[in-house]
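Each residue of the sequence shown is one higher than the one before, counting from -13 in the numbering used here.
Source of the hints: derived by calculation from the structure; they are not laboratory data. Values in this document were obtained by computation on a predicted structure and should not be read as measured data. Every residue, glycine too, gets a C-beta built ideally from N, C-alpha and C.
Taking CB as the label site, the calculated pair distances span:
{"#": "1", "residue 1": "G94", "residue 2": "R70", "range": "11 to 21 Å"}
{"#": "2", "residue 1": "A57", "residue 2": "A97", "range": "17 to 27 Å"}
{"#": "3", "residue 1": "M26", "residue 2": "G50", "range": "17 to 27 Å"}
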Amino acid sequence: MYLPGPTTPADDHPGYQVTRSVRSGTLTLHLGGEIEWRDMPALRTLLCQAGQAQDRFEVIDLTGLEFADSAFLHLLLDVQRHQRTHGIPMRLAGPLQPIVDRLFTLTGADAYFDFHPRHLPSRP
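Please model the complete structure; the sequences and the hints are all you need to start from.
Here's what the structure looks like:
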């Protein structure tokens, strides 16, 4: 299933994409493109809907994510808190693009998430 992020033709912001896959019974959401503060309302709604579906996601794959800002980190923390409250594990996967990797490591947010063991953010 492909779920496009909001974009407008006059907007130079390319937007983001969300796809989903199921492998070995684990639902993964794949994020791609660029995510910034103005995308948060739509992305929050999309993630909340995915979290309430029968097949709740356990992994968010950030491999295709080319840009994200601190608003995205805040959203991920909220989603993680919601998942934990409902007893659903949440892991992030990569490898992360350099700018996204820097966002996690410079803010220290990498310490608050479970990353797939092979895709840990780099440490300086």
